[in-house]
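Visitor: Work out the full structure: start from the sequences and follow the hints.
Chains as they are written, first to last, in this note's numbering: chain A, 1 to 257; chain B, 1 to 384.
Just so you know, these hints were derived from the structure itself, not from any lab. Model, not experiment: these values are computed from the prediction.
Quick list of simulated restraints, FRET-style, between CB atoms:
#  : chain 1 : residue 1 : chain 2 : residue 2 : range
1  : A       : Arg194    : B       : His67     : 23 to 33 angstroms
2  : A       : Arg56     : B       : Leu124    : 50 to 60 angstroms
3  : A       : Ile249    : B       : Gln27     : 50 to 60 angstroms
4  : B       : Ala143    : A       : Gln90     : 30 to 40 angstroms
5  : B       : Thr123    : A       : Gly66     : 55 to 65 angstroms
6  : B       : Ala143    : A       : Ile249    : 49 to 59 angstroms
7  : B       : His67     : A       : Gly23     : 50 to 60 angstroms
8  : B       : Val153    : A       : Ser145    : 39 to 49 angstroms
9  : A       : Gly66     : B       : Arg6      : 27 to 37 angstroms
10 : A       : Leu187    : B       : Gly79     : 26 to 36 angstroms
A few chain A positions that, by computed beta-carbon distances, are all more than 10 angstroms from chain B:
#  : residue
11 : Gln190
12 : Leu204
13 : Val218
14 : His233
For each residue, glycine too, the CB sits at the ideal point set by N, CA and C.
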Amino acid sequence: MIYPVLEVHGLSNRFGSQVVHDGLDMEVHEDEVFGIVGGSGTGKSVLLRSILGLQRPRAGTIRIEGHDITQLSGGGLRAVKARYGVTFQQGALYSALNVLQNVQLPMVEHLSALAPSARDELAMLKIRLVGLPADAARKYPAELSGGMVKRAALARALALDPRLLFLDEPTSGLDPISAAEFDELMLYLQKQLRLTVVMITHDLDSIFRTCNRVGVIVDRRMETDTLAGIVDHPNPWIQAYFHGERASIHLKVTHGA
Amino acid sequence: MVVEVRRTERGLALELTGEWRALSFPQIDTALAAVDLAGAHRIEIATDRLAALDLTGAWRLREFVQHARHAGAEVVFAGTPPDQLRLVEETLRPIDAAAAAPHAVKDLRAELRELPVEAEVATLTFIGRRAVTLWRDMIGALAFLGRLTATAVGALPQPRALRPISIARHVYDTGITAIPIVALIAFLISVIIAYMSAQQLRGFGAEIFVVDLVTIGVLRELGVLLTAIIVAGRSGSAFAAEIGSMKLNEEVDALEATGVDPFEALVLPRVLGLVVSLPLLTVVADLIGIVGGAVLCASLLHMPLDQYINRVSQAISPTTFWAGIVKAPVFAVLIAMAGTHRGMQVRGSSRELGRLTTVAVVQAIFLVILADALFAVLFMEIGV
Numbered sequence: 001m002i003y004p005v006l007e008v009h010g011l012s013n014r015f016g017s018q019v020v021h022d023g024l025d026m027e028v029h030e031d032e033v034f035g036i037v038g039g040s041g042t043g044k045s046v047l048l049r050s051i052l053g054l055q056r057p058r059a060g061t062i063r064i065e066g067h068d069i070t071q072l073s074g075g076g077l078r079a080v081k082a083r084y085g086v087t088f089q090q091g092a093l094y095s096a097l098n099v100l101q102n103v104q105l106p107m108v109e110h111l112s113a114l115a116p117s118a119r120d121e122l123a124m125l126k127i128r129l130v131g132l133p134a135d136a137a138r139k140y141p142a143e144l145s146g147g148m149v150k151r152a153a154l155a156r157a158l159a160l161d162p163r164l165l166f167l168d169e170p171t172s173g174l175d176p177i178s179a180a181e182f183d184e185l186m187l188y189l190q191k192q193l194r195l196t197v198v199m200i201t202h203d204l205d206s207i208f209r210t211c212n213r214v215g216v217i218v219d220r221r222m223e224t225d226t227l228a229g230i231v232d233h234p235n236p237w238i239q240a241y242f243h244g245e246r247a248s249i250h251l252k253v254t255h256g257a
Numbered sequence: 001m002v003v004e005v006r007r008t009e010r011g012l013a014l015e016l017t018g019e020w021r022a023l024s025f026p027q028i029d030t031a032l033a034a035v036d037l038a039g040a041h042r043i044e045i046a047t048d049r050l051a052a053l054d055l056t057g058a059w060r061l062r063e064f065v066q067h068a069r070h071a072g073a074e075v076v077f078a079g080t081p082p083d084q085l086r087l088v089e090e091t092l093r094p095i096d097a098a099a100a101a102p103h104a105v106k107d108l109r110a111e112l113r114e115l116p117v118e119a120e121v122a123t124l125t126f127i128g129r130r131a132v133t134l135w136r137d138m139i140g141a142l143a144f145l146g147r148l149t150a151t152a153v154g155a156l157p158q159p160r161a162l163r164p165i166s167i168a169r170h171v172y173d174t175g176i177t178a179i180p181i182v183a184l185i186a187f188l189i190s191v192i193i194a195y196m197s198a199q200q201l202r203g204f205g206a207e208i209f210v211v212d213l214v215t216i217g218v219l220r221e222l223g224v225l226l227t228a229i230i231v232a233g234r235s236g237s238a239f240a241a242e243i244g245s246m247k248l249n250e251e252v253d254a255l256e257a258t259g260v261d262p263f264e265a266l267v268l269p270r271v272l273g274l275v276v277s278l279p280l281l282t283v284v285a286d287l288i289g290i291v292g293g294a295v296l297c298a299s300l301l302h303m304p305l306d307q308y309i310n311r312v313s314q315a316i317s318p319t320t321f322w323a324g325i326v327k328a329p330v331f332a333v334l335i336a337m338a339g340t341h342r343g344m345q346v347r348g349s350s351r352e353l354g355r356l357t358t359v360a361v362v363q364a365i366f367l368v369i370l371a372d373a374l375f376a377v378l379f380m381e382i383g384v
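Guide: In structure tokens form, the structure reads like this:
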């Protein structure tokens, strides 16, 4: 591949006088799991919203599979949006639709050629793929547990078999066992479907288990390195993050090995 | 082209090319459907020129393979079958491995059919269910009123528990900000009455009674009724939506867990706020209505202002005003209760929030009009 799957260059965002990003660069390669880390209020969500095309940045380019979404609108933007899948922090399942209908919605919107019976089967395929029991298909989001909501959201994100997947805090609100299960599921799917995953997370367990490279937002820019490299970055926030009490157990493992 | 088909001695050779991905499903589907299986005993599928194959593509390929096998053909892959096909097969295999024969891939469609669908309800059952729901609703409303009264009585000895600041906020939100729309509607209503009655009364040479109709109509009935209906639409819905989204957000639970009674903190201030603001809004509507009558009488009937004022003072008495204004607090309680009660009932989903907000407004307007009818009968009986 000539271009990275996702390339952000010189991104700037500001609200009023508050500068969130100032010349942020980020590059995500094919088949990797890229973690985005940053303190509260450093603009992780704003970055994700910019990449998803939900919000126009002040300056900079954002290329998804080579298409600069800051230059696109209407049908062009819609076509790019069909190429990635995304799960939101709270799941953001449509509460008026059951899980099956939730998974089918992207298919209905982007693949109208699909016959209803084929849609049913493909949706069931995705529901099974994420490890949900079949009877979850007819349940409404309000009837699901937290872990099931995350899985259903993942099934919906995979509805159109995207190669690029964005996960916003996929393990937040889950107990450690469910979170670990979700990590394994994500890794399994990433390998099987050859996905490129971009993941915003605070979960150190998750980062050390799944990420190939990590981008940390500090001082309105992004510091990117491999997982092994980023822990030695001199920036004080990064030091504090990766060398705090909670991270020590992982560092022993990575450095000891 | 996504499939190249060649006839061979014993059947077909298929060469898959290009990107077999979800977004190109229409082309894949058409191409595979167009493959003529007639007389084919052996189908060879080559996948080495395939640029990409995702699950949707693999699923469609599997459908084709099954279809061909069903038609009696032998299907083989040149080289190993693609991984994605294996993944689809694995995913479709029943999760319960013990019960599963190696090739008993359960049909997903069948599985879907077996799932319980929301049951169809027979008419009689439907009526019965609605009756029970209605009955429970009434009990619920009564319980709500009871708890509200108990909270109010409990709060009376200690004025701080009445939350004056919160009440003030609701007086502002439901009252002050509603003045422009209430004034406009009151003006237009008095114009309509004046215009219509002038047309009718002119035939009898009794145009002067237009003044009576406008003032009595607005003061006794229309001023308070229309104000209440506007407020039901504005504030009844706001109460239901506000409290409902707080319920969804677990804010109500948080209050309760902090030891704050949500009735005291959320419901009572809204009810009391509206009880203060609706009568005040009614006074505004009454005033504007009388002014509107004056404007129209002057322009339509060429009635001088002093004659209008003179006639107004003859037509109405303090009772006319009080007969209207006394209804306002009652309407206010009904509207606020419908809104807050429905808001507190929200649970689960945003769909519920929408449904209950609608119910709140419809119910508030209905209750206001019903109460107005009862007042009319009551006033008639006691001769006011």
